[in-house]
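Visitor: Residues per chain, in single letters:
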Amino acid sequence: MLLKQGINRLSKRRISQLKVIITLIVIYGVLNIGLSGRIFTVDNIKTVIAHSIFPAFVAWGMSFIFIGGIIDLSIGANILLSANIGATLAETYHLGYPGLIIGTLACCIIIQHLSVQCSVSLHIPSWVAGLGMALILEAILTLFATYLANNLNERLPSMKTYTALGEMPLMLIIWIIGLVAAYLLYTRSNIGLNLQAVGNNTDVASAMGINRKKTIFIAVVIGSIFIGVAAIVQISYATSMAAKSGLGSLSGIFKSLATVLLAQSFERVAPMPVGILISAIVVMSIFNVLTMLGVPTGTGQEMFLGAIVIVCGIFSHLGYKGVEK
Amino acid sequence: MQKDLLCIEQICKSFGPTKANRNVDLTVSKGEIRGLAGENGSGKSTLASIICGIQRPDSGQMFVNGEKYAPASPQEAAKYNVSMVVQELGVIPMLTGAVNMFLGKMEPFTKAGIVNLREVEHRAQEVLNHWELGKVPLNCPMGEMSIEQRKIIELGRALATDPDILVLDEITQALSHDTKQIIYTLKNRFQKEGRSMVIITHDLEEALEICETVTVLRDGEVVDTVESKKLTLDMLKQMMIGREISGGYYREDNSPDYEQDVVLNVENFTLKGGQVSDISFKLHKSEILAVCGLSDAGIHSLGSGLFGIDKRASGSVKVVQTGYVLNRPQDAIKNGGAYLSKNRDEEGLMLYATIQDNLFIPSAKECSGKFGFLSPKKINELATKTYEEFNVKATGLNQVISHLSGGNKQKINLGRWLTKDLKFIILDCPTRGVDAGVKAYIYQVILEAKEEGLAILLITDELTEALGMADRILVMKESREATILERGSDFNEHTIIEVML
Amino acid sequence: MINIKSKINKVMPFVIIVILLVVFTIATKGKIFSFSNLLTIFNQSVITIISGLGMIFVVAIGGTDITHGSLVAVAGVFAAMAASNVSSILAFPVAILVGLVSGGILGIINTKFKVPSFMVSLALLIGLRAYATWLLTTQVVFSTSWISSLDNFTPKIMTLVILGAASGYLLKYTRFGAYCKAIGENEKTMIFTGINTDRIKLFAFIISGAMAGIASVFTLARLGGASNTMGSGFEMRVMMAMFIGGIPVSGGMNTKLYKLFLGAPMIVLLENGLVICGASGGLTQLIRGIVLLLVVYITVAVEKKTEVQ
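Residue numbers (my numbering), protein chains in the order written: chain B, 541 to 865; chain W, 790 to 1290; chain V, 4 to 312.
Don't take each hint at face value.
Stated by the list, open to error - The calculated EDC-like cross-link candidates involving lysine to aspartate or glutamate, where the alpha carbons are at most 16 Å apart (straight line), are:
#	chain 1	residue 1	chain 2	residue 2
1	V	Lys-191	W	Glu-1048
2	V	Lys-191	W	Asp-1099
3	V	Lys-117	B	Glu-864
4	V	Lys-115	B	Asp-583
Claimed, not checked - Label-pair distances were calculated between CB atoms; the ranges are:
#	chain 1	residue 1	chain 2	residue 2	range
5	W	Ala-901	V	Asp-201	26 to 32 Å
6	W	Glu-865	B	Lys-552	38 to 44 Å
7	W	Arg-1117	B	Leu-724	31 to 37 Å
8	W	Asp-1067	B	Leu-724	36 to 42 Å
9	V	Leu-42	B	Gly-609	42 to 48 Å
What the hints assert, rightly or not - Sample of chain V residues lacking proximity to chain W, with all beta carbon distances greater than 10 Å (derived):
#	residue
10	Thr-31
11	Lys-32
12	Leu-42
13	Leu-93
14	Pro-96
15	Ser-148
16	Tyr-176
17	Thr-177
18	Ala-185
19	Thr-192
20	Met-193
21	Ile-194
22	Thr-196
23	Ile-198
24	Met-256
Rather than coming from a laboratory, the hints here were simulated on the basis of the structure. Just so it is clear, CB atoms sit at the ideal spot from N, CA and C, and this is done for glycine as well.
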């Protein structure tokens, strides 16, 4: 009898999953008709997918970091700085792909670690730590850019030779590897399971013998790697990433934030890594449609960005019974 | 001596002023099924958690198989083949049953950091089969399974380590009639294989049925350890209770003494979550109505539910004088009510604020004047008055309360409400974590308030407190009303425990 | 027993002011005390304080309102448009209305939908900035002469005194202020005390928005018109003014108005001093970030110390 209950519940899940997929297909279908078939063209699909890679990777990274309760938004500034350092090593110092990959990843991991330690060890509330670090990291990049401009008469590095990682066949492969890695790490690795336990209920997790600090540490390293990959792909694709100031780096990862929040809201239907993939495509499709409708990028789309984050935030917190600051 | 699997000597553990375990001596031999019985607060759970490494004792020693045993964590206890199934649910809802069974112990299934989930499931199934724990879906998130199923997974987790000593804290509470069989089968296995079990249970009949010996705890001390076949239910109950009620603590009179006027009329009150079903009673002026029951009977939810914190499904709570139906906490306050939750630190006080701040907030309205002016003078007067009236032992009104003793904090917690002009108050475990002196003081204060006409709903885990203070006692069982007793001849622990179980 | 926490809290802002003054007097060779510079410091402090007079309620409840920079821009645009097209009298009411609405949205989403205020206000920060830019793409909006006349000592001092008194009164001498601080201390306890915490929090956010509206009119006056970069970074300055002044990040009973009055000139002095020293935008932001982390760390560390005792 107990077993039967279990089977019923499993099929309930499958039904919900089916519902979500059908809803998405219907919505896309309607939009496609409304926009006279411009959505389902090969070129368009290619564009949307290419654009979803960055938010997907950042969101995967965020999912590993946020679970510990550390909502750190300095990730955006981290990406800017690490990507530029990687590009410098690759192009300016001619270290090629190894320079790009190792440089960016190493920077990402170290910087993210510092950022997280502000919250964990110094007990600064994670949002303040994130803001402070964002300011600092943005400033460092700006100073670096100024130094280059004044002393070497150069600009921030541009990816010219080693851009394969920003081009189509390789990007798609990276994306698929990312999905597989995120899925395995999150749902099937020891650290992923421990992380979910810690995120769900720290006390029970400790009673089960899981070391919270160690788990969060490893999770942050994993998360930073995903973020690092995002940085590499982005700078390879866009060839350069300009320094930002005044918390401008935060809007750069807003689409990723929306992705994570949206994925959180249907966590019961699809495991986070898969949810993030779907959400990334959904979020980027929204902007794809907005662009098609002629909504201007600097202004109109940014307004939608703010609204979408709020809506996704609402979805992700539905049914939350507690006190929220 | 060689047959002693577990040996406990002079274990003591205190939480602040509360002495949970006092010089406890216990020996369990191989293959023995021991029951651990006692009322709420007798120290059973504390002792169990010390045995399993969840808590450390203040003093005393333990031995397993003659070896010194002082586990600092459940993982260390597992090394000595001791495991436990705790009373509160200890599973991660997002993860599956199989995973929960082996969380934190995944090394054998892990290759290169990746866990072979299929193998985990396989092994989990093996555990279920080996110990005949029934059929439970193993690849379903635990959050979607019933409490029963979750308990079985927890049991599986404890058994997966192949324990010599298994401690079960109130496990049968969560299981239905059919699944209780599992425990019977299990205990027979254990006996045959020379393993021991320590079973904590409220169900005395069951204790006598399943366990060959029973240890009775009372007020943190061991009363005696007796073979079940030599015990009757009555003898067991007698051992659990038989203490003197210290005089002068509680009331002196022996009959109910309250006025006819009904202050609160509660009809068919049911909570959305089901923790309280169909409770009806009338609370009168000058009455102390106590509410007792086992820990999951719903007594605490009744308190927060009546106040309006938890959502009501049906029924009503009406303030008779005004006819007002209470829905949210603001309603209760507006109608002269108050609520003291049992979690004093999280839900009653602002730990890092001053005594004055904590005292005046509930009375902020009364201290306000024209243009909403919150008069510092009135605040100070009110705070000083309450501070002195309640004899708070501190350095002054501006002291931050986090460093005060539990007793003083409770005085502030209670005082801030009683200083208002209240019609009724719901008190949940008002003397919890408070030393004897303050306890007596609080009882005195409650009796004085009763004299002045306050209607008091006293929710308590301590039977003696209810017996000592109440005009009537509402006994709850499994979210419903079991009975309402009147002060007098019915007021003895036998009757209550009879009804509670 | 000495209440160490409140002692350090009281002393810290003064210590920092002295350090800042000494450092910058030396670094700028006294230029920092030129009359025109003092006037700049005054002007910037006033606007910061005015905005802070509202935000302090949000900080008191332990929430976050990081919208003020963009809100000033949007409110400023609307105020300028209303003043130019209809009448200057509408400047303040319109600006306040815009602020109210923004604060209201923030408050409702936080209280009804349980989304963290940090996230919502950040989304608003970005969205409102885009909105302001969009509004200005097809038009240039100038301040009317009446608005520009506000850029003077007298109106500013008067507004500061009146609003400061009102805000101080609200925070210290009314139930509302007491409840705000109590919610910052322990929101759960306040729910259990029967206080309508959702309503109080909503009002706090609304007041915060309204004050930003008022600040926007003064910003208009200084700039001579609305621009899409007006108020950029303003929200960080207001927040830092509060934290440097010693107001805890989680709010609570230690949220006192005078700390804002102390903190505002301090952060303005810091930024102003850096500019005079010739520090680049990048360096200023770097120092700002470090100061933010340092100040919050000290506040939290001090609070923790008194716990362990």
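Visitor: Does each hint hold? Answer for all of them.
Guide: To see whether the hints hold, each was checked on the structure:
1. V:Lys-191 - W:Glu-1048: 35 Å, violated
2. V:Lys-191 - W:Asp-1099: With a Cα-Cα distance of about 13 Å, the restraint between V:Lys-191 and W:Asp-1099 holds, given a limit of 16 Å.
3. V:Lys-117 - B:Glu-864: 6 Å, holds
4. V:Lys-115 - B:Asp-583: Outside the cut-off at roughly 42 Å; violated.
5. W:Ala-901 - V:Asp-201: 26 to 32 Å: 50 Å, violated
6. W:Glu-865 - B:Lys-552: 38 to 44 Å: Given about 41 Å between the Cβ atoms, the range holds.
7. W:Arg-1117 - B:Leu-724: 31 to 37 Å: 48 Å, violated
8. W:Asp-1067 - B:Leu-724: 36 to 42 Å: 50 Å, violated
9. V:Leu-42 - B:Gly-609: 42 to 48 Å: Once the Cβ atoms are compared, 46 Å apart, the range 42 to 48 Å for B:Gly-609 and V:Leu-42 holds.
10. Thr-31: 40 Å, holds
11. Lys-32: For V:Lys-32, whose nearest Cβ neighbour in chain W is about 45 Å away, the distance exceeds 10 Å, so it holds.
12. Leu-42: Holds, because the least Cβ-Cβ distance between V:Leu-42 and chain W comes to about 36 Å, which exceeds 10 Å.
13. Leu-93: 28 Å, holds
14. Pro-96: 23 Å, holds
15. Ser-148: Label holds. Min Cβ-Cβ 36 Å, cutoff 10 Å.
16. Tyr-176: The claim breaks: V:Tyr-176 does not keep its Cβ more than 10 Å from every Cβ of chain W (closest is about 5 Å).
17. Thr-177: V:Thr-177 not clear of chain W: closest Cβ-Cβ about 4 Å, inside 10 Å.
18. Ala-185: 5 Å, violated
19. Thr-192: 6 Å, violated
20. Met-193: 8 Å, violated
21. Ile-194: 7 Å, violated
22. Thr-196: 5 Å, violated
23. Ile-198: With a cut-off of 10 Å, V:Ile-198 comes too close to chain W, as the shortest Cβ separation is near 7 Å.
24. Met-256: 5 Å, violated
In this structure, the earlier hints numbered 1, 4, 5, 7, 8, 16, 17, 18, 19, 20, 21, 22, 23 and 24 are contradicted, and the remaining ones agree with it.
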